Amino acid sequence: MEAKIDSALWYGVAGASYVGLSVHHKFLLNWVVGPLWLVAVVWLGPAAAALVRPR
Amino acid sequence: MSWGAHQFEIYAVHAHLPRKMRGRVSFFGIWLGDFTPDFLAKFWVYGVTIGGTRYGASVPERWHRGWPGMGLTHTVFTGALLAALLWAWRRDRGLTVGYLLGYAAHALTDVNDSVGTMLLFPFSTLNWTVRTWAYAATVGGGKYLDAAAYYSSLGLVMDLFWLGVVLASWRVLTRDYWRRQVVPADARGWAALGRVLPERALLALYRATFFYGLCRLVAWTAWAHLLARPVIGGVRHRGYPFDLSWTGPWWMPQATLPHVPVLLVPVGVAVLLAAVYGVAGWLWEPMGAAERRADRAAA
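In order, the protein sequences belong to chains A and B. Going by the working numbering, the letters in the first sequence line up with residues 1 to 55, in that order. Going by the working numbering, the letters in the second sequence line up with residues 1001 to 1299, in that order.
It should be emphasised that the hints constitute simulated quantities derived from the structure, not laboratory data. Fair warning: there could be bad hints in the mix.
[Claimed, not checked] Computed Cβ-Cβ distance ranges for the label pairs, DEER-style:
id : chain 1 : residue 1 : chain 2 : residue 2 : range
1  : B       : P1258     : A       : P46       : 54 to 60 Å
2  : B       : F1242     : A       : A50       : 21 to 27 Å
3  : B       : G1023     : A       : P46       : 29 to 35 Å
4  : A       : L44       : B       : G1023     : 26 to 32 Å
[What the hints assert, rightly or not] Below 16 Å or equal to it, Euclidean Cα-Cα: the simulated EDC-like pairs (lysine to aspartate or glutamate) are:
id : chain 1 : residue 1 : chain 2 : residue 2
5  : B       : K1143     : B       : D1038
6  : A       : K4        : B       : D1176
7  : A       : K4        : B       : D1038
Note that this is a predicted model, so its numbers are computed, not measured. For each residue, glycine too, the CB sits at the ideal point set by N, CA and C.
Using the sequences provided together with the hints, build the complete structure.
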C-alpha cells in the first residue's frame, strides 16, 4: 500500500510540474517531452529524493 | 483535428479488444498505428519559420486531409496497406492487427472536425465530416490558435469523452493489466526495454501516452482560458471565449473541403468500423497459423 501511495505521489509530481511549466512554456507540450517527463520523474524522482533527504 | 482524444483512444482500443484478441494484440502496434497519420502529415501543416520566412502548407486543411495532398494518410485504406506491409515484414499478427486498429481509430475520430477525412479513398476523394468543431490549423495562427480553438469548442468535450472511456476502463492503466494483457503481446519489446529500465520506468512508459494526453488537455485549456489575452474582432478578451455549439467556436473561420452529406457520416463510420473489426477477426486465426509456420521455418 505504501508503495502504491509513493508511486501515485510521483505521478502527481510529474503531472503538476509538467502542466505548471508547460502552460508557460508551451514548446514543452509535445509527444516527446511529455512522455519522457513522466518516465524521468517517476523513475529518477525517488532516487533523487533519497539523495537529498536528511538521514 | 483531435488532440488528447488520440492519446486516450489507444488505451480505449486496447481495453475493448474482441475476446479472442485480448492479451495478444500489441500495444506498441496500436500506438504506432494511431500516431502514423499525423507523423506523416502534420509536420507541414503548421510549418516552420526560418529567418522570417514560413515554410509550410499554403492550404493546411488540403495538405493535411485533402487530395491532392497528404489526406491519404488519414484513410482506412492506407492503414490497411501499411498494416499489410507490416505483416509481410514481421509476420506478427498482434502487431499488424494492433497497427490497423490504431490507424483506423485515428482516421475515424478525425471525421469530427469541419474538414474530416477521405473515408472511401481511393474510390472517392470526398471528405467525410460531421463538423462537430472547426478545423483550426491556419497559416497565420499556427499550433497555438489551433489549440485555443479546439479547447474552446466541442473538441474539449471529445477529449473528455475519450478520457471518460479510459477511466471507465481504469484497469487498463493498472500494473496488473500491463503485466497480464500488454507485456505478453510484446514480450520481446518489453524484455529489451527491461534490460535498461526497471519495472517502475517500464510501467511509466506504458502509461506515458495517457499522461501526456491528460496533461496537454489540462495545460492547453488552462492557457487558452486563464492566461491568453486574445484580440478577437478588435476586442481584447480575458481568455479565448468558450463556444460549445456545433462547428464552434464562432470566432474561428470554419475550414472545409468538398464533403459527403453529414447525415451519411455516422452510417459510414459505423460500417467502416465494423468492417475493420470484422476483417481483423476473420484474419486472426489464419494469421496465427501463418505466424506459427514462419516461426517453425525460422527455427
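Checked hints:
Taken as a hint, the range 54 to 60 Å holds for the pair B:P1258 and A:P46, whose Cβ atoms sit roughly 55 Å apart. The beta-carbon spacing between B:F1242 and A:A50, approximately 44 Å, falls outside the hinted interval of 21 to 27 Å. At about 30 Å, the beta-carbon gap between B:G1023 and A:P46 stays in the expected band of 29 to 35 Å. Roughly 31 Å separates the CB atoms of A:L44 and B:G1023, a value that falls within the hinted 26 to 32 Å.
For the proposed pair B:K1143 and B:D1038, the alpha carbon gap of about 14 Å is at most 16 Å, so the pair holds. Restraint check: the Cα-Cα separation between A:K4 and B:D1176 comes to about 13 Å, which is no more than 16 Å; the hinted pair holds. For the proposed pair A:K4 and B:D1038, the alpha carbon gap of about 35 Å is over 16 Å, so the pair is violated.
In the structure shown, a violation is registered for the earlier hints numbered 2, 7, in ascending order.
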